[in-house]
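**Q** From first to last, the protein sequence lines are chains V and Y.
If you read the first sequence in our numbering, its first letter stands for residue 1, the second for the next number, and so on.
If you read the second sequence in our numbering, its first letter stands for residue 1001, the second for the next number, and so on.
Calculated directly from the structure, the hints in this document are not laboratory data.
The beta carbon of each residue, even a glycine, is placed where N, CA and C say it ideally should be.
Hints are supplied without guarantee of correctness; some may be wrong.
Taking beta-carbon pairs under 7 Å as the criterion, some of the chain Y residues facing chain V (in silico) [as the list claims (entries may be wrong)]:
1. T1074
2. S1077
3. L1087
4. P1123
Derived DSSO-like pairs (lysine-lysine); straight-line CA-CA distance at most 30 Å [as the list claims (entries may be wrong)]:
5. K1161(Y) <-> K1135(Y)
6. K109(V) <-> K32(V)
7. K197(V) <-> K102(V)
8. K187(V) <-> K2(V)
9. K1061(Y) <-> K241(V)
10. K1164(Y) <-> K241(V)
11. K1135(Y) <-> K227(V)
12. K249(V) <-> K1061(Y)
13. K16(V) <-> K1190(Y)
14. K236(V) <-> K1176(Y)
15. K107(V) <-> K236(V)
16. K20(V) <-> K1164(Y)
17. K16(V) <-> K50(V)
18. K1133(Y) <-> K1161(Y)
19. K236(V) <-> K102(V)
20. K249(V) <-> K1144(Y)
21. K20(V) <-> K1252(Y)
22. K1201(Y) <-> K107(V)
23. K1061(Y) <-> K227(V)
24. K197(V) <-> K109(V)
25. K99(V) <-> K1038(Y)
26. K1190(Y) <-> K1270(Y)
27. K103(V) <-> K50(V)
28. K1252(Y) <-> K16(V)
Each chain, written out:
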Amino acid sequence: MKILVAIKRVQDYNIKVRPKSDGSDVDLEGVKMGVNPFDENAIEEAIRLKEEGFASEIVGVSIGSSLSQDVLRQSLAMGVDRAILVEVEEVLQPLAVAKVLKKVVEKEKPDLILLGKLALDSDAGQTGQMLAGLLNCSQATFASSIEIKDGEVFITREVDGGTESIVTKTPTVLTADLRLNEPRFVKLPNLMMARKKPIETIKVDDLGVDVSSRINTISVSEPPPRKEGIKVKDVKELLQKLNDIEGLKI
Amino acid sequence: MNAVGSAQIWNGSIDILIVGEGIDRAAIHASKLDGVDKILKFDAPHLNHPLAEDVANIIFKIGREYSVIIAPHTWFSRNILPRAAALLDVSMISDVLEINEDNIYIRSTYAGNVHAKLKSDDPIQVLTVHSSKFKAVGLNGNAKIIDSTAPEALNLTRWEKEKKIESIRPPLINAKVVISGGRSLGSAEKFNEVLSPLADKLEAAIGATRAAVDAGYAPNEIQVGQTGVVVAPDLYIAIGVSGANQHIYGMKDSRVVVAINNDPDATIFKFADYGLVADLFEAVPEMATLVSKT
């Protein structure tokens, strides 16, 4: 089996991103960036499937400016075999990303396409499902376990109020939840070795897909602050206050 | 019900899509929602456990007749709607907090640290909405139920089994009251002993912080936060919760937040409407005794 993993470069999860003072966009100046955490789970799962003998090759793909080379290097250091950077300056929206990935899938012909269930920046959680739709192939989102048996893919996934188990036919698009695995730490020698692995660069214009934005950002702002709360002196006062709230009967 | 409420902003006619097997009762229930024109009912054996491929295909088949397609932001819709949007070649907006005229929306990004105001130019607006931000409609309607023939099963995926979290309590995701415990509870036994009586009285779901889950006090399924479940109940009671960023993300949209903690400087108090600095092992049992609701 061949696996394609999609990797996005996003802000570090510990960082509180703020809007620019003019509200035109978020301020990412000097912000620490790295592999989207859910994509890290996707990479880890691909490597495990290869280590267990189910996968023969893992290709990593990222879509972004040349800066996204660093997240591809990181994936190569973890154990991805080779990487593709689809170079584009502007930030693409999920539908455009899915269209670009479809082109890469058509070229690489992977059996499994692994992505994170969402990206920490846009928090949309759409790309995997959109890609599966464009490919007319099976999908399993929010996967907490992936197993391969007799050429079929067995997935446990999150649903409202529990989990479900489904079996998908390949090619299949899978999106990773944080519970899927514990991504490995990259050792320095591996990072050095990853420099020798190839990164192919493709210009987005050469793919011939419509990547235009359908959604325009008018402005960004800090969320309205929560109205300042009060301290109550004891349980009685607390219950009294709660009972006074309209529509809240306790 | 809240998704129907959010759809009323467009002042158009509203239909409801309902898929499954043996769903007559659900369809009748849906037909009573205020302001709904038609219930499009797709009832077929292969929709018993609806798969994303099949449901997205139905939405694709009927979608072009609509200018807006809305669903609540649940695991179910999050799985299906992006696929349907891609088939219709339109973009999608996830977890909308506010809908304004001219297809202008507000949603939160960057782990809830930024609110973005967006305008979509697509011919069909596809969105999931943050249910607690919209008013639910009433149940005095009388919509027509239309039986529709579902397209053949795509057979790309096979459904095997499901595991529902067995609990006498309401599911965390749509409970009206949520009581969450943090690491201060000290043990799995205390976690249950302290929280259960109050949860019973308030008919509340029980949640836990990641720290409490990591310490083994509570199962991962009930973790509230960015790496767990995101909840927005009418009343959220945080007990012995410090208020880590990732936990706040999972509960900050609750209508009323109560925090009980013995540390007056705990971050959680900044996000609480009512804070009580007290020993939780005394305050919570007292609360359970005094609450009148049974």
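**Q** If a hint holds in the structure, say so; if it does not, say that too.
**A** So, going through the hints one by one against the coordinates:
1. Interface restraint check: T1074(Y) against chain V, minimum CB-CB distance 5 Å, threshold 7 Å, status holds.
2. The restraint placing S1077(Y) at the interface with chain V is violated, with a minimum CB-CB distance near 9 Å, outside the 7 Å limit.
3. The closest approach between the C-beta of L1087(Y) and any C-beta of chain V is roughly 5 Å, which is under the 7 Å cut-off, so the hint is satisfied.
4. At a threshold of 7 Å, the smallest CB-CB gap from P1123(Y) to chain V is about 10 Å, leaving the interface hint violated.
5. With a C-alpha separation of about 34 Å, the suggested pairing of K1161(Y) with K1135(Y) is violated against the 30 Å cut-off.
6. Annotation: proposed proximity of K109(V) to K32(V) is violated, straight-line Cα distance about 34 Å (limit 30 Å).
7. As the CA atoms of K197(V) and K102(V) are separated by approximately 24 Å, the hinted pair is consistent with the 30 Å bound.
8. Between K187(V) and K2(V) the CA atoms are separated by roughly 25 Å; this keeps the pair inside 30 Å, and the hint holds.
9. This hinted pair does not check out: K1061(Y) and K241(V) have alpha carbons roughly 51 Å apart, beyond 30 Å.
10. Only pairs whose Cα atoms come within 30 Å are accepted, and K1164(Y) paired with K241(V) is rejected, the gap being roughly 36 Å.
11. Of the pairs offered as hints, the one joining K1135(Y) and K227(V) holds, with about 20 Å between alpha carbons and a cut-off of 30 Å not exceeded.
12. Taking the CA atoms of K249(V) and K1061(Y), the gap is near 44 Å; set against the 30 Å cutoff, the hint is violated.
13. Only pairs whose Cα atoms come within 30 Å are accepted, and K16(V) paired with K1190(Y) is rejected, the gap being roughly 34 Å.
14. This hinted pair checks out: K236(V) and K1176(Y) have alpha carbons roughly 22 Å apart, not beyond 30 Å.
15. Using a Cα cut-off of 30 Å, the hinted pair K107(V) and K236(V) is violated, with the two alpha carbons roughly 67 Å apart.
16. As the CA atoms of K20(V) and K1164(Y) are separated by approximately 44 Å, the hinted pair breaks the 30 Å bound.
17. In summary, the hint linking K16(V) to K50(V) is not supported, as the alpha carbons are separated by about 36 Å, beyond the 30 Å threshold.
18. As the CA atoms of K1133(Y) and K1161(Y) are separated by approximately 33 Å, the hinted pair breaks the 30 Å bound.
19. The straight-line distance between the Cα atoms of K236(V) and K102(V) is roughly 60 Å, outside the 30 Å bound, and the hint therefore fails.
20. Between K249(V) and K1144(Y) the alpha-carbon distance is near 35 Å, which puts this suggested pair outside the 30 Å criterion.
21. Our distance criterion of 30 Å between C-alpha atoms is met by K20(V) and K1252(Y), whose separation comes to about 23 Å.
22. Of the supplied pair hints, the one linking K1201(Y) and K107(V) is violated, its CA atoms being roughly 59 Å apart against a limit of 30 Å.
23. At most 30 Å may separate the alpha-carbon atoms for a hinted pair to count; K1061(Y) and K227(V) exceed this at roughly 45 Å.
24. A hinted pair counts as satisfied when its Cα atoms are at most 30 Å apart, and K197(V) with K109(V) qualifies at roughly 20 Å.
25. Proximity of K99(V) to K1038(Y) is assessed by CA-CA distance (about 34 Å); at most 30 Å being required, the pair is judged violated.
26. The straight-line distance between the Cα atoms of K1190(Y) and K1270(Y) is roughly 26 Å, inside the 30 Å bound, and the hint therefore holds.
27. The straight-line distance between the Cα atoms of K103(V) and K50(V) is roughly 24 Å, inside the 30 Å bound, and the hint therefore holds.
28. A hinted pair counts as satisfied when its Cα atoms are at most 30 Å apart, and K1252(Y) with K16(V) qualifies at roughly 15 Å.
Of the numbered hints stated above, those contradicted by the structure are hints 2, 4, 5, 6, 9, 10, 12, 13, 15, 16, 17, 18, 19, 20, 22, 23, 25, listed in ascending order.
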